[in-house]
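As a plain string of letters, each chain reads:
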Amino acid sequence: MHRSLHIEPSLCTGCLQCELACSFEHEGEFIPVRSRIRVFEFEHGKISVPYTCTQCVEAWCQKACPTGAIFVDSDLGAKLVSAQACVGCKACTTACPFGTIEFNPFSGKVDKCDLCHGDPQCVAACPTDAITYLDAGATGVGRMQASAEQNAKGVSS
Amino acid sequence: MSWQGRVLRVNLTRGDITPEPLNMEWANDYIGERGLGTKYLWENMDPKVDAMSPDNVLIFATGPLTGTNASTSGRYAVLTKGPLTGAIACSNSGGKFGAELKYAGYDLLIVEGSSEKPVYLLIEGDEISLQSAEKIWGKTVWEADEWIKKQHHNPMLKIATIGVAGERGVRYAAIVNDLHRAAGRSGVGAVMGSKNLKAVAVRGSHGVQVKDPKRFMQVTNEMKNLLAQDAGGLAKYGTNAMMDTMQEFGALPTRNFQEVQFSGYDKVDARAMLKTDETGHRNLITNKACFGCTIACGRIAHIRKDHFTIQNRKEYWHASGGLEYETAFAFGPVIGVDDIDACTFAGYLMNEHGMDPISFGVTLAAAMELFEMGVITTDDTDGVPLNFGSAEALTVMSEKTGKQEGFGQVLGLGSRLMCQKYGHPELSMTVKGQEFAGYDSRALQGMGLGYATGNRGACHLKHDTFEVDMDDQSGEGKAEPCKTSQDWTAAVDSSGLCVFTLGAWGAPEFAAQLDADCEGEWTPERLLESGERIWNLERLFNLAAGLTCADDTLPERLLKDPVPSGTAKGRVNELGKMLPEYYSLRGWSEQGEPTPRTLTRLGLG
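In order, the protein sequences belong to chains A and B. First residue of the first sequence? That's 1 in the working numbering, and the numbers climb one at a time after it. First residue of the second sequence? That's 158 in the working numbering, and the numbers climb one at a time after it.
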């Protein structure tokens, strides 16, 4: 099954536990600046939005890479970066329309979300289920259901 | 281990920026944050200096758990000599700035001297510089935050800054970080202003490591689960749930502590914030977390656009930090105001201009009593009647004080100096010059003892006697829980975590997290002993600054005027009975000085 990260900003409290978990999983230490998921706040914290790679099926980053360093994990659908092949040219960071593949000045390579081999740590760390790991074909179901519930209330009242 | 092992020392007089190694011996004895900052302050300055002189030292200190994934790991503390009290000031804050300072590669930031011209400290990765703040001097906290991020094209900077209140020496000016979190009390912002330091802006690129990663992840996860079972009410209602409890008990200070119950309490309490009014407006928008916090007690609120305070001021038609219990108390009951939009707006103004809402509200309460007594008139107050209950007086004076205009300059003195100025020192509801929080000492006896002996003056966050106080309203048996909880809270404040975890976590839970984090063996006993050492070192600072046992007292109103209503009706605070017992338990002389034996026992001899 093709699963993907589903983000519901209305549930996010902005605690950054996802950034802590992501950086710990990939770097072995707590370092939010190297997290592959980032939380952005708007209007004095009224809205907090976690943001990360959506794992495009036709991935701009992959197409832009001149060394073929970006490849697909066929089980997860995740786009992964080969550290051996990446030369740090940053073409992918220019190509990605979402900015979710990022150059790491310490390693000289690019970093992006790899779905933690199917067990995304940001999901495990989120205390409010603002980030969930769902069937990619059903990420809209929760909102659809909530919206339907509103309609149902309108009908029954 | 989670220390970066480095301290950044900035001398503003010389313009020097010097990294130095962290003194690990001190970190082992004083845990971190509040404790370690106090030790550094003690070793780096003479407690006798004028708080507003260049000789005062300003320290930003993180704890060993700051920046880890332990829940509530965003705390940092600001230590200095406080201009409001002349005592040690220790204010801690959440938000995201504290963890970012750790990620910058520094456990502590020590600021000495005073800059000739306004500056801000910029730490971007490994590049550290003092930058001219000429263009933001005179600007608000919110303007300065935005300007610095734009100036350096870096929206990820975390910024702690002062407003005009701090620049112009309001004695309870705060240092505000991340727009609406604050090292709020005791005037730490005024010290920053006296040094011509507008802001510290940080984006760090150094990770935080722990001693035993596997065990640490396991322990912090268990602790988060424990917290999730206990702290649900804080997320939904915030700290303002306390208002109903205090009202019912009769410990809600009202009209400058003349009363202990307020008829309009249910218009400014947590339920009022959640209520949708006839126009569809609800004060509370959502709850919000500080860095790493899985409780998320923070309030994000907004004000009705047709409210008199902002109807012609669109710049305030946005969401921002909402009322916590202490702000609700200080803008509500203690000044007799029951207008939730006015209270919320005053809260915005405190954050925007950088002031402590508790001290401001309680100072305004004293001014209102002076006004109603006829000691001051509208001739003194720029034509604004300062009657209890006036929402206009609250919001107009909040702004005048924030901008240091007119009567705001008098309110900026704090209630002790203001009441002295008008010849009525008895109306100042303070200990050591710092205003009380929202708990009346006549109904809560141990709270009164904690206030009276507080090292930073009146404070509700440095001890915890709520349960014993509510179980038994006499002064019997309050010294021991007061002393023990003071020591314990000092340890918690030194860890890098938040006191709002204490409903779910005790000493074993803190020790388990620290033990997986830091070198050496961390036990509950070690934490309590370290807490007692910290409390005593703060006391030594105050004694060296010239304070004495005569400063461990309460206003006469609380010692002599019986409470008029509530469950403690007829009681006064029994400080005279509790204080000698407390000194004795602490191993202090009758003059409140730690004996040589006590100092030796704690390694302070």
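Simulated from the structure, these hints should not be mistaken for lab results. Heads up, a few of these hints could be off.
Calculated cross-link-like contacts (lysine-lysine; reagent style BS3-like; alpha-carbon spacing at most 30 Å) [claimed, not checked]:
1) B:Lys205 / A:Lys46
2) B:Lys368 / A:Lys46
3) A:Lys63 / A:Lys153
4) B:Lys432 / A:Lys109
5) B:Lys393 / B:Lys368
6) B:Lys432 / A:Lys153
7) B:Lys306 / A:Lys90
8) B:Lys205 / B:Lys424
9) B:Lys578 / A:Lys46
10) A:Lys153 / B:Lys368
11) B:Lys462 / B:Lys424
12) B:Lys432 / B:Lys371
13) B:Lys371 / A:Lys109
14) B:Lys578 / B:Lys560
15) A:Lys46 / B:Lys292
16) A:Lys46 / B:Lys306
17) A:Lys46 / B:Lys371
18) A:Lys46 / B:Lys560
19) A:Lys109 / B:Lys306
20) B:Lys307 / A:Lys90
21) B:Lys471 / B:Lys306
22) B:Lys424 / B:Lys381
23) A:Lys46 / B:Lys726
24) B:Lys393 / B:Lys432
25) B:Lys432 / A:Lys46
26) B:Lys734 / A:Lys109
27) A:Lys90 / A:Lys63
28) B:Lys381 / A:Lys46
29) B:Lys393 / A:Lys46
30) B:Lys306 / B:Lys292
31) B:Lys307 / B:Lys432
32) B:Lys296 / B:Lys306
33) B:Lys432 / B:Lys306
34) B:Lys274 / B:Lys292
Here are some chain B residues pointing at chain A (derived, C-beta under 7 Å) [said to hold, decoys possible]:
35) Gly224
36) Pro275
37) Val365
38) Ala453
39) Ile457
40) Arg461
The beta carbon of each residue, even a glycine, is placed where N, CA and C say it ideally should be.
Here is what the structure says about each hint:
1. B:Lys205 / A:Lys46: violated, 44 Å
2. B:Lys368 / A:Lys46: violated, 36 Å
3. A:Lys63 / A:Lys153: Violated, at about 47 Å.
4. B:Lys432 / A:Lys109: Between Lys432 of chain B and Lys109 of chain A the Cα gap is close to 52 Å, so the pair fails against 30 Å, i.e. violated.
5. B:Lys393 / B:Lys368: Distance ~35 Å between Lys393 of chain B and Lys368 of chain B Cα, so the pair is violated.
6. B:Lys432 / A:Lys153: holds, 20 Å
7. B:Lys306 / A:Lys90: holds, 25 Å
8. B:Lys205 / B:Lys424: violated, 45 Å
9. B:Lys578 / A:Lys46: violated, 42 Å
10. A:Lys153 / B:Lys368: violated, 54 Å
11. B:Lys462 / B:Lys424: holds, 18 Å
12. B:Lys432 / B:Lys371: violated, 45 Å
13. B:Lys371 / A:Lys109: Holds, at about 27 Å.
14. B:Lys578 / B:Lys560: Given pair Lys578 of chain B, Lys560 of chain B holds - Cα atoms ~21 Å apart, limit 30 Å.
15. A:Lys46 / B:Lys292: holds, 28 Å
16. A:Lys46 / B:Lys306: holds, 19 Å
17. A:Lys46 / B:Lys371: violated, 35 Å
18. A:Lys46 / B:Lys560: holds, 26 Å
19. A:Lys109 / B:Lys306: holds, 27 Å
20. B:Lys307 / A:Lys90: Measuring from Cα to Cα gives roughly 25 Å; hence the hint holds.
21. B:Lys471 / B:Lys306: Judged against 30 Å, a Cα distance of about 23 Å means the pair holds.
22. B:Lys424 / B:Lys381: violated, 34 Å
23. A:Lys46 / B:Lys726: violated, 43 Å
24. B:Lys393 / B:Lys432: holds, 13 Å
25. B:Lys432 / A:Lys46: holds, 18 Å
26. B:Lys734 / A:Lys109: violated, 69 Å
27. A:Lys90 / A:Lys63: Holds. Lys90 of chain A to Lys63 of chain A sits at ~13 Å (cutoff 30 Å).
28. B:Lys381 / A:Lys46: Distance of about 24 Å is within 30 Å: holds.
29. B:Lys393 / A:Lys46: Within the cut-off at roughly 15 Å; holds.
30. B:Lys306 / B:Lys292: holds, 14 Å
31. B:Lys307 / B:Lys432: violated, 38 Å
32. B:Lys296 / B:Lys306: Answer holds: Lys296 of chain B to Lys306 of chain B is near 14 Å, not above 30 Å.
33. B:Lys432 / B:Lys306: Distance of about 36 Å is beyond 30 Å: violated.
34. B:Lys274 / B:Lys292: Between Lys274 of chain B and Lys292 of chain B the Cα gap is close to 11 Å, so the pair holds against 30 Å.
35. Gly224: It holds, given that the least Cβ distance between Gly224 of chain B and chain A is near 6 Å, below 7 Å.
36. Pro275: violated, 25 Å
37. Val365: Cβ of Val365 of chain B sits 4 Å from chain A, so the hint holds.
38. Ala453: holds, 4 Å
39. Ile457: holds, 5 Å
40. Arg461: Result: violated, 16 Å to nearest chain A Cβ.
Going through the hint list in order, the structure does not satisfy hints 1, 2, 3, 4, 5, 8, 9, 10, 12, 17, 22, 23, 26, 31, 33, 36 and 40.
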